[in-house]
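Residue-level listing of the chains:
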Amino acid sequence: MKESWSMILTYACAMILVFVLTFHFLLQGPLAGKPFEGTGGVLAFSYAAGNLVNFEVVFGLLLYAAILHGLNGVRVIALEWFHPQKKAWLLNLIIVVLMAFFLALGSYTLLAVG
Amino acid sequence: MKKEPRYKSGLISSLNPFGYNVERWSYALHRVTGVVLIGYLMAHIFETFELSMGNTAWTSTMNALHSLGPLELVGLWIVAGSALYHGANGIRLILNEMFGKLMGRPILPVYPYSPTSLGRNQRIAVWTITGVVLVLWVWAGLYLLTGLGVV
Chain H
1 MKESWSMILT YACAMILVFV LTFHFLLQGP LAGKPFEGTG GVLAFSYAAG
51 NLVNFEVVFG LLLYAAILHG LNGVRVIALE WFHPQKKAWL LNLIIVVLMA
101 FFLALGSYTL LAVG
Chain V
1 MKKEPRYKSG LISSLNPFGY NVERWSYALH RVTGVVLIGY LMAHIFETFE
51 LSMGNTAWTS TMNALHSLGP LELVGLWIVA GSALYHGANG IRLILNEMFG
101 KLMGRPILPV YPYSPTSLGR NQRIAVWTIT GVVLVLWVWA GLYLLTGLGV
151 V
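Residue numbers (the numbering used here), protein chains in the order written: chain H, 1 to 114; chain V, 1 to 151.
Hints are supplied without guarantee of correctness; some may be wrong.
A short, non-exhaustive set of chain H residues, derived as facing chain V with CB atoms under 10 angstroms [said to hold, decoys possible]:
| hint | residue |
| --- | --- |
| 1 | ALA100 |
| 2 | PHE102 |
| 3 | GLY106 |
Think of the hints as simulated: they come from the structure by calculation, not from any bench.
The beta carbon of each residue, even a glycine, is placed where N, CA and C say it ideally should be.
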């Protein structure tokens, strides 16, 4: 993939994240009322699992956009450490493996709970 | 093979904003907050994975995190600040880099050089973002540290 395409993907994911993350924050906080009440200050299983079930698509979008955006950002920063640039393929490989791992873990959670 | 000198200081120098203008400060902060957020995101995916293991595993993880006391809240406050800054500054960067907004017109470089990218609109954007993020971060701190669901 050309660097320019990876940056366009990063920007597209960033724009998605602005909206989806705002929703996630509001859902865990102000929109939730008092999700921690009566649970000793911890987030109740029923509330957290219920959110994943009710907003499965939104959280799926959040997972994919955040991982693609975040790990590509790490790649861009880490590229400065790679000299000569011929070795950049190794970094790209590590990032792709990490992306696959976290996307698989997150997708499994969404499917198992949903 | 001998390394080229410009690679010697590498990442650490790229994060040092001292002696530079506000654009460099926002660049350094954007990187630092991004690294904080990706670290949190990875931990958060592991944490959320516990939901698939059932109620007992989830509650036990939540209790373990809750036992950290104020550390947990301070950690969340740092994550909230990072997300606010990274998001707000990211919107500015998208306007700059994808749409060419807030940037000055290109000019011939004449000594003493002054970056046209840091014109009036850009300065207003940077300081507005800083102000809004600080206000929201204080609110997030009150929200977290005075008890969730209270504010």
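Outcome of the hint check:
{"no.": "1", "hint": "ALA100", "verdict": "violated (13 angstroms)"}
{"no.": "2", "hint": "PHE102", "verdict": "holds (5 angstroms)"}
{"no.": "3", "hint": "GLY106", "verdict": "holds (5 angstroms)"}
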